[in-house]
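When you get a sec, could you build the whole thing from the sequences and use the hints?
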Amino acid sequence: MKSKKKKLLISLLIIVGGLLFNAYFSTTVYLLLTKKITTLQISNFKYCLASMASSKEHLMLFLCLNGFVVLFAIFFFVANNKPYQSELKQITPKISTPVSAGQKQFGSAEWLSEKEKDSAFESFILNVNESTVRTLIKQGYDDLREIMKGSECKNEREEGKEKQEEVQEKSTLGKQEGNDENSNETTQSICKCYEALLPQGGVVLGYRKEGGKEKIFFIGEDVHSLCIGATRSGKTRTVVLQSIGNIALAGESMVLSDPKGELYQYTYPFLERLGYEVIAIDFKNPLKSDRYNFLEPVIEAVDNKDIAKAIDATWDLTSQLVGEPKGERIWTDGEASIIASAIMSVVYDNREGKNRKYQNMTNVYYFISEMCKVVGNSMPIVEYVKKLSPTHPAKALLAISEVAPSKTRGSFYTAALTTLRLFTNPLINSMTNVSDYNPKETGDKKRAIFIILPDEKTTYYSLASLFVSQHYIELVKSADERGGRLKNRVNFLLDEFGNFAQIPDFSNKLTVGGGRGIRFNLFLQSFAQLDEKYGKEVAKTIKGNCENWIYLQADDLETLDEISKKLGNYTVATYSLSASHGKYSTPSSSHSINLTHRALLTVDEIRLISRPYSLITSRNNPAIMYSPDLSKWQLNKIFGLGDKEHNRKVRELRENRRKVRSASMEEMELWGVWLYYTANEQLGITKNSITGLQEKVAKAQRISYVAGNEKGEDYFEED
1 MKSKKKKLLI
11 SLLIIVGGLL
21 FNAYFSTTVY
31 LLLTKKITTL
41 QISNFKYCLA
51 SMASSKEHLM
61 LFLCLNGFVV
71 LFAIFFFVAN
81 NKPYQSELKQ
91 ITPKISTPVS
101 AGQKQFGSAE
111 WLSEKEKDSA
121 FESFILNVNE
131 STVRTLIKQG
141 YDDLREIMKG
151 SECKNEREEG
161 KEKQEEVQEK
171 STLGKQEGND
181 ENSNETTQSI
191 CKCYEALLPQ
201 GGVVLGYRKE
211 GGKEKIFFIG
221 EDVHSLCIGA
231 TRSGKTRTVV
241 LQSIGNIALA
251 GESMVLSDPK
261 GELYQYTYPF
271 LERLGYEVIA
281 IDFKNPLKSD
291 RYNFLEPVIE
301 AVDNKDIAKA
311 IDATWDLTSQ
321 LVGEPKGERI
331 WTDGEASIIA
341 SAIMSVVYDN
351 REGKNRKYQN
361 MTNVYYFISE
371 MCKVVGNSMP
381 IVEYVKKLSP
391 THPAKALLAI
401 SEVAPSKTRG
411 SFYTAALTTL
421 RLFTNPLINS
431 MTNVSDYNPK
441 ETGDKKRAIF
451 IILPDEKTTY
461 YSLASLFVSQ
471 HYIELVKSAD
481 ERGGRLKNRV
491 NFLLDEFGNF
501 AQIPDFSNKL
511 TVGGGRGIRF
521 NLFLQSFAQL
531 DEKYGKEVAK
541 TIKGNCENWI
551 YLQADDLETL
561 DEISKKLGNY
571 TVATYSLSAS
581 HGKYSTPSSS
591 HSINLTHRAL
601 LTVDEIRLIS
611 RPYSLITSRN
621 NPAIMYSPDL
631 SKWQLNKIFG
641 LGDKEHNRKV
651 RELRENRRKV
661 RSASMEEMEL
671 WGVWLYYTAN
681 EQLGITKNSI
691 TGLQEKVAKA
701 QRISYVAGNE
711 KGEDYFEED
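Everything in the sequence shown is counted per full-length UniProt numbering, starting at 1 for the first residue and increasing by one.
Just so you know, the hints here were simulated from the structure itself, not pulled from any lab data.
Incorrect hints may have been included.
Said to hold, decoys possible - Here are the simulated EDC-like pairs of lysine to aspartate or glutamate, each with C-alpha atoms no more than 16 angstroms apart in a straight line: (1) 446 / 272; (2) 477 / 312; (3) 36 / 57; (4) 288 / 655; (5) 209 / 114; (6) 354 / 303; (7) 543 / 558; (8) 354 / 669; (9) 543 / 531; (10) 215 / 114.
Only a predicted model underlies this, so the values are computations on that prediction, with no experimental measurement involved.
If you want it as structure tokens, here you go:
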């Protein structure tokens with residue numbers, strides 16, 4: 001209907017335009033024909049009207065010319081008003097679909113209008129004229145000057161360690177210039193203002209310009225989200241960085257996976273200004289990483305003399321390391337038994353004094369590798385278990401593996417060592433031998449934890465999965481201790497989640513996490529990654545627990561088809577034409593209009609979605625959101641970022657600021673209890689060998705004595 005009105009309006013404009021044009025054109029032609037003028041000239045409008053009124057010939061010429069204009073307008077309207085052409089609605093500049101028809105008989109799917117988006121999603125206006133926003137932008141510009149200063153000092157930084165430290169002090173000077181009383185008051189006021197301004201944050205969906213201000217839409221509810229974006233689809237610069245800024249302005253905690261480390265390098269100064277404790281668990285540069293001991297929950301329980309809780313924590317950790325059984329349970333259970341008993345032995349036997357430094361996963365690996373090594377005809381672990389008291393918690397944990405045949409136990413040991421192999425790396429040991437923070441406090445304060453991973457390999461994604469799973473468990477415990485909800489909501493933003501190792505019972509974690517103030521935001525390249533890691537049934541549950549889907553771009557047909565089905569169908573009109581031509585009958589034609597269903601977006605249409613547009617599905621009607629590159633947002637200035645070359649310098653300078661620890665095989669502090677048991681086994685072998693040799697000598701002496709008595713002294717002189 002709107003299209004028909006538009007065509008009618010164009011036809012009327014053609015007629016009106018033709019009238020005005022012909023008034024001048026007919027006057028000029030008439031004057032030339034009557035030889036009143038000899039050169040072309042445009043008369044004024046009043047003269048044109050007067051000429052037509054006074055001359056019948058002029059009027060007839062004007063009407064004839066306008067007749068052609070009217071015919072053209074009618075032709076335009078009729079030609080473009082074919083009944084079998086559907087009116088189209090523009091979804092994005094590249095996508096237009098037929099308008100809905102009927103009374104939703106074949107489907108009721110429809111898009112959110114711009115007005116409906118205001119009520120469907122949380123939003124806030126980022127006003128650059130507000131004092132706190134101006135302060136943050138000013139500090140972002142200070143970062144720009146700091147980067148310039150840091151790049152000028154690059155050559156000095158490379159001359160030596162002492163000069164490097166001096167340059168690091170200079171490079172942080174811009175940040176520390178505000179460390180007087182006034183700047184401290186400013187920082188505190190910023191935090192307070194933003195806590196009041198933005199009570200909750202979430203994943204950013206896009207923005208809309210309103211009077212020079214940015215109205216930012218985000219997901220504020222306790223629900224999980226799923227973002228689908230193929231490589232180079234812009235996940236980081238259209239969703240993730242904006243979400244970090246939004247969540248930070250709300251003061252909520254974050255746990256983020258960070259391939260390449262760019263999220264940390266771009267945002268940590270901004271987060272620190274807002275009062276965040278920023279932690280970097282860096283598997284790319286372990287010597288620059290903050291430290292976290294995966295045995296911390298077990299150590300804490302043993303220190304509190306709560307052995308039952310320690311055993312639970314041990315099995316939690318072991319199940320995350322070993323994963324779900326993929327074959328006969330005996331292999332998984334046996335491996336888990338070996339790892340669990342080794343964990344408990346390392347923690348429990350080193351619970352006092354200087355030996356506490358041995359409580360780490362590296363010593364768990366070496367405990368298994370050395371104590372389960374055959375020395376002679378037995379293993380040191382056998383002697384170790386014999387000497388354990390009946391109340392030692394490790395003794396019961398070995399029960400599963402002890403009942404298996406010796407050859408089968410060998411497979412358990414091999415599998416356990418394979419699972420723990422990454423902890424033999426001195427670099428990994430240096431970042432996992434002790435903890436610099438308590439995971440439970442993440443739900444009590446403003447904290448951002450970045451899990452930095454190398455993007456060129458997936459070696460350490462298994463440890464990242466373990467880290468996420470263990471922090472989730474600790475946060476759940478913390479929530480249960482304060483009535484079922486965390487004091488400060490925690491947001492997991494897991495980029496490249498498809499590369500993570502399987503997290504045990506992850507679908508259940510999603511089910512119960514939201515109510516406790518824990519939100520998961522998963523970023524995938526396609527649904528095929530979920531199917532591969534978790535299987536189709538569990539993957540289906542995970543997708544179902546993610547209420548919001550954010551689609552950026554994908555090439556996987558199954559992913560596109562599933563999204564198309566999730567959008568649903570709506571009712572459209574279809575047109576059919578028929579014609580008959582008989583030899584003895586008059587030719588005739590007819591057309592009919594029918595109603596049918598159509599996908600809100602087909603697979604081919606979804607494939608056309610690209611930046612800066614994204615597709616959002618939720619409990620509301622689906623929506624197309626506008627989310628351009630970060631460079632178009634005010635957050636880009638607040639982060640102190642600029643063009644590509646500037647951002648490269650940002651990463652370089654901020655990376656060079658970080659402190660570096662030392663690590664080597666010599667610095668790995670190993671428990672060494674296996675040396676005692678191995679020595680005992682070797683001593684036993686030596687004693688047995690000496691005893692056997694003595695028996696052989698005595699036997700030889702007896703034989704010689706008997707032979708000498710029988711043959712006389714000549715026996716000894718025969719040779």
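Hints, one by one, checked against the model:
| no. | hint | verdict |
| --- | --- | --- |
| 1 | 446 / 272 | holds, 10 angstroms |
| 2 | 477 / 312 | holds, 12 angstroms |
| 3 | 36 / 57 | holds, 14 angstroms |
| 4 | 288 / 655 | holds, 9 angstroms |
| 5 | 209 / 114 | holds, 12 angstroms |
| 6 | 354 / 303 | holds, 14 angstroms |
| 7 | 543 / 558 | holds, 14 angstroms |
| 8 | 354 / 669 | holds, 11 angstroms |
| 9 | 543 / 531 | holds, 10 angstroms |
| 10 | 215 / 114 | holds, 12 angstroms |
The structure meets every hint from the earlier list without exception.
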